[in-house]
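Q: Using the sequences provided together with the hints, build the complete structure.
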Amino acid sequence: MSRRNQAIRDRRTRATIWMVILAVIALIIACRHPFIWKQESKIAPGVPIGLEAVSDFLIVIDESTFDPSPKSFSDMSFSLAWLNTFQQEIGPTSLWSAPRFAEADLGSTRVIVLTQSVSRHDDWTPKIRGFLERGGVVVMEMPQGDLRGLASPDGKGGLRTPQSFTFAQGLPQDLMAALSDLNLADMTQIVGSAGPLDDAQTWLTIDGVPVITSKKYGAGRVITVDFNYGMILTALQQGRPLDDFSIRNVRASSLIETEDLARTGDTSLPRADILERFLVHGVINDAMPVVGFWPFFDGMSGALIVSHHEQGAGDVALWMPQFESTFKATSTIFVNAPMAITDDGLHQLEKFQTEVGHAFTLDAPGTSMEPLGWFKYSPVWRQFSLDQQAQTMRDLLDSNAMPVSSQSRDGLWSAHYTHAFQRIAAAGFRADASYRAPEDTPGYAFATGLPFIPLDTNGLVFNLVEYPVVFPKLETDDQLQKLTALLKDSESRSHEAIGVSFDALSYPQKPDFKKFQIWRDAYQIATHHKHWITSILNFMRFSRARVTAELKSRSVEMRVANKPSVILRLEILAPEAGMSITVPKFHQTRAFAEARRGVQRVREDIVLADPIAATPVSLGGFDRILIPLTRGFNAIDVIYE
Amino acid sequence: MKSDSSWFHRFKIDLILIAILAVGALAWGIHRHPFTLSTSDPFAAAVMPQQLGQSSILLVLPDNAPTAESFPGYDFSFAWYNALSQTFGPFSIALVRDIQSAQDLRAQLIVIPQKTAEAFSESQIQLVSQAVQQGASLVIEMPPPEWAPLTGTKRRTKGSSAIKRLTDAPNSPLTSTWREQLLNIPLDTQVLRIDSLDAEPLSSDSLLLEIDGGIAHYRRPVGAGFVFVLAFNFGQAVTALQQGRPGDALSIETEQPPRTSDLVLNDKMRANTVPYADLLKTHVFGAIAQTTPVPMLWPFPNAQKAALILSHSTGALSDDAFLAATPEIEAGVRTSWFVTPGRISPDALRRAAEKLDIGVSLVRPPVGRIYKKIGPDFFQPVAVERSMAEQKTALSRSLQKNITACKIAQNAWSHDYTAAFRRLAAATCKLDLSYGPTHAQEFGYLFGSGFPFLPIEKNGLPLSTYELPTLIDDAVGLETLPEEAPIHLLKDALNTYHQPVTVHFDADTMLTHPSYLTPQTYADLLDFARTHDVWTTSAEQFLFYFTTRKLARLLYAFHPQSRTLDVDANLPDAPFDYTLALPRRSAPGTLHALWLDKNSVDVDALRPTADGLFLLIPVPPGAHAIQAHYQ
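Protein chains in written order, with the working numbering: chain Z, 4 to 644; chain L, -12 to 618.
Hints in this document: simulated from the structure, not taken from any laboratory. A couple of the hints might just be wrong.
Claimed, not checked - Computed list of lysine-lysine pairs in DSBU-like fashion (alpha-carbon distance at most 35 Å, straight line):
#1 Z/Lys533 with L/Lys478
#2 L/Lys585 with Z/Lys513
#3 Z/Lys513 with L/Lys360
#4 L/Lys445 with Z/Lys517
#5 Z/Lys555 with Z/Lys331
#6 L/Lys478 with Z/Lys331
#7 Z/Lys379 with Z/Lys491
#8 L/Lys342 with Z/Lys513
A: The following block contains the structure:
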């Protein structure tokens, strides 16, 4: 072999040897810092919805007017947000699309809400007029054309960008102050008018402009809502993104969290609920007595919806549900995928009646991954998509224990307003608890503690309910103090569901006894303030029973025990035990006297059944009477003298 | 060959570089996983302890004893040493060979264990007889026939090692409830079969205890004094309970690596709420106080009636472990913290030591091993296992303070009955807390007492490490215990048995046995102790009081004519008041007047013990003259 050939061969051999060595080193480095292969999640956009309920209330929408791809947040249709108001405050509510409404008989309806999406339906004017003349109540959101001409201000001032609420008739001063604090500039639009409407009552003003007025029409009443009510409600509850639907990080972090969507400032009062209750129990109730299902089991004052983080620790995280089971409370434990809880642990959770939810991750690196290749050493790891994470959990659970609830780990969210909801819905979850207040300023960051149905940008709803977490962490005296204040307010007036999240690993890993004390005290304080300590699943079941229940009311004037009285006759179907209703304390200048089951008429007078133990409550500053129901059909006469 | 040689030559540089890379990788690997060298623990020998305090109670010990081959062959004389320490505090000791004249027996109460009694000569027995005739009380265990003039029985009786049962306690000083519990004591002892006395019939109030219907414990007046005869081996019975019962060959026979709870006398003791060993002691010594007033230094300071001794291990946690001490620190309570060397930073350790008492958690096989790496920080190819002594030394060094308390992780023990004690003694541990519950459902007085004791070596001498039994250990999983058991133990310790209740909570239990009952039980115990005047303290502080009171001088004399008990006490300087306990009632009458340093003390205002036998008098350190009048 020539010297040259030898040199060439040596170079090749040398190159091969060093290539192999470098390849081994590269492989070792790659295994220590693997490439993450992200999987695309399935997506389920918002879907249309229609509800046929036996109810006094009907919401009407026209999906054909919804822009499927709005260019900005303010171009979205928010008409379906009205559903949140009536499901939260009343329970059973019908929701009809425009074609259904055009053909339907309105005989069994007492209140019709014509949302902004149907504001141009001049052709419905005769039908609405007939309904009003028969004594119905019509709520119109930003009406136009002939509908506006029925009994609304002229609207000649056109659309305006508002600043703040300035007046609310009958609303307690501190609640009004809470509403006044809201900067409405990017939350809604109002319709200005050239002058006041004759014989109308002004209920609410924004920047001094009447935006809720009511006026008699025939035997009925027209309530005009001259601002985008759905938009403000959505901006408060679901959060306000930038106009292009992106979310701006308002903290010193590269990751988007749900708290970046909050727009309320002070979090001590549920401002969305204040507004909703003002509208329903203040404005509408003035036009007709509003009867609604109480949102909490057994007539309790509120709910403490408890959830825990499992953090991949497996059975170590079960000690909190273990304690809750000793006083018959329940909670939701959010578990990572792949699931580390053993079969024995799952059996225990079933015994404790603890709901197993899924703590998912959207894009966060280092979580929910599996190596591709050899055992746990691989240069490539696959990161599960949300639906794959959910599937790995479902594979390990019984068919009757499928996770219903989800929660984003650490509140991490998508950079787009609704992409995360689209993925959660596609993964098959029906409840989500990712919306959470900032840890350092807990409270009603999303203006409510009650669950709401989120809207997609196409104006349609997701097939899930969002449960905002009011206290994402509860470990300090200050946080406990704030919880105590909220519970106290909830017991006396605001009646809220307060979502509280406890980290089941925090105390075991850092055994500061204070954390344990605060956790235990939270339950005691909640019990003291008559709050139902429960899981998301239990609350959801109860809420579902509320909206599938039946409730019809009518007022009649007659003599009871030889006294002139007004009787509110109620026919109610309560599908679950522990349900209650509220009725107004005052009706047509008469005060609540008593409620009785199945009042029977004998000639001119009536024979009274035993009275029902009723309790006065204040709901957002409005006096009401809480009446317990029995499971099944209830015929109740509420007597006002 | 030539070709090969030239190949190596041509690739010499590459091969050198590859070799350097290989050596580097190998060194990195060895640094990460160094060669380990094992170490064995040294043993310490048991020695005769020095007399610490001085008292009118004299314990006479045998000059020497052969090393036992089996448990029944043990010399249990030092069980009396433990019993007197726990009950009376200070006492004097003497060896048999020291008893040469009446001067050597100048005591009000003479205690002679079985092996001592067997070693006494005729002349020495005569000296004891004279002392009793002049008014001393004698407690004698399983006396041989030579003691007949004092015991009233001279028949040579046969000893039996079969496990016996107490059948009656007709004149026991104990309350009726305690008497019932006394009869349930699991006994492992030898007995002398005595059916009746040779000298005279036993009077109706003299029989104190029966075993299987035979006489087991009786009282006999001799001259001006009394003789208390124990016809069973009290020392063996107490040792089998307190120190545990090995197999007859003095080994712990378990398939798994042994734990301390494998030493319990029987399975009934694994979940036991009655301190049986202390009931037996109270019966024996209470019978003496019932006959003649005897003062004692109560085992709790400031006239308190119970102690909650809180101990913790840092476990697998690092500096955060001490967060669990927050409630104790806030309450101004010093508690015991057992730290594994190397897991806690020196700064955190020093900060903790300012407010807590730091002990060492000893990690030894089969639980684990702790290594010390040898070499500079960047390359440590060898790791040497640390023995118990080295672990303690390492921790003491980082704390810059001598550590006295030890606890073996997971209560791991040796197959040999006393080997672990010898290792602890060699590591100069003054106190060990390894005796206690280890398995699920175990709690309470597994070893019949909450008081510390000196373990007895096979040669009958005590080892220098006090063993303080733990009653509650959360590592067993508190959910496996009856939910109220821990708080009931503490309540009973305060209101019934007057015991120290040592509880152990690992800082990492919520990671290993997570249950809400762990923090809840801890909080309940701490809260109860705080609100019920239970002395909440560390094992070290408790042992300090326990041993300091042994240094006291406590001389007493009872004058039958004036029915007056004179006590001359000299109590060592200490940051607490001692508690003097005097019999409330005795044969001469009821305590009705009391003077402390000539100042009258209101007897009715004194706190009584739960059994009503004693009144508790707080006495500050220093010299005191106490006079008690019985009527």
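Q: For each hint, tell me whether it holds in the structure or not.
A: Status of the hints after comparison with the structure:
Simply put, Z/Lys533 and L/Lys478 have alpha-carbon atoms about 33 Å apart, close enough for the 35 Å limit, and the pair holds. Distance restraint check for L/Lys585 and Z/Lys513: the Cα-Cα separation of roughly 56 Å exceeds the 35 Å cut-off, and the hinted pair is therefore not satisfied. In summary, the hint linking Z/Lys513 to L/Lys360 is supported, as the alpha carbons are separated by about 29 Å, within the 35 Å threshold. Of the supplied pair hints, the one linking L/Lys445 and Z/Lys517 is violated, its CA atoms being roughly 48 Å apart against a limit of 35 Å.
Under the criterion of a C-alpha separation no larger than 35 Å, the hint pairing Z/Lys555 with Z/Lys331 is consistent with the structure, at around 34 Å. Restraint check for L/Lys478 and Z/Lys331: satisfied, since their Cα atoms lie roughly 29 Å apart, inside the 35 Å limit. About 52 Å separates the Cα atoms of Z/Lys379 and Z/Lys491, which puts this hinted pair outside 35 Å; it is violated. For the given pair, L/Lys342 sits about 19 Å from Z/Lys513 by alpha-carbon distance, which is consistent with the 35 Å threshold.
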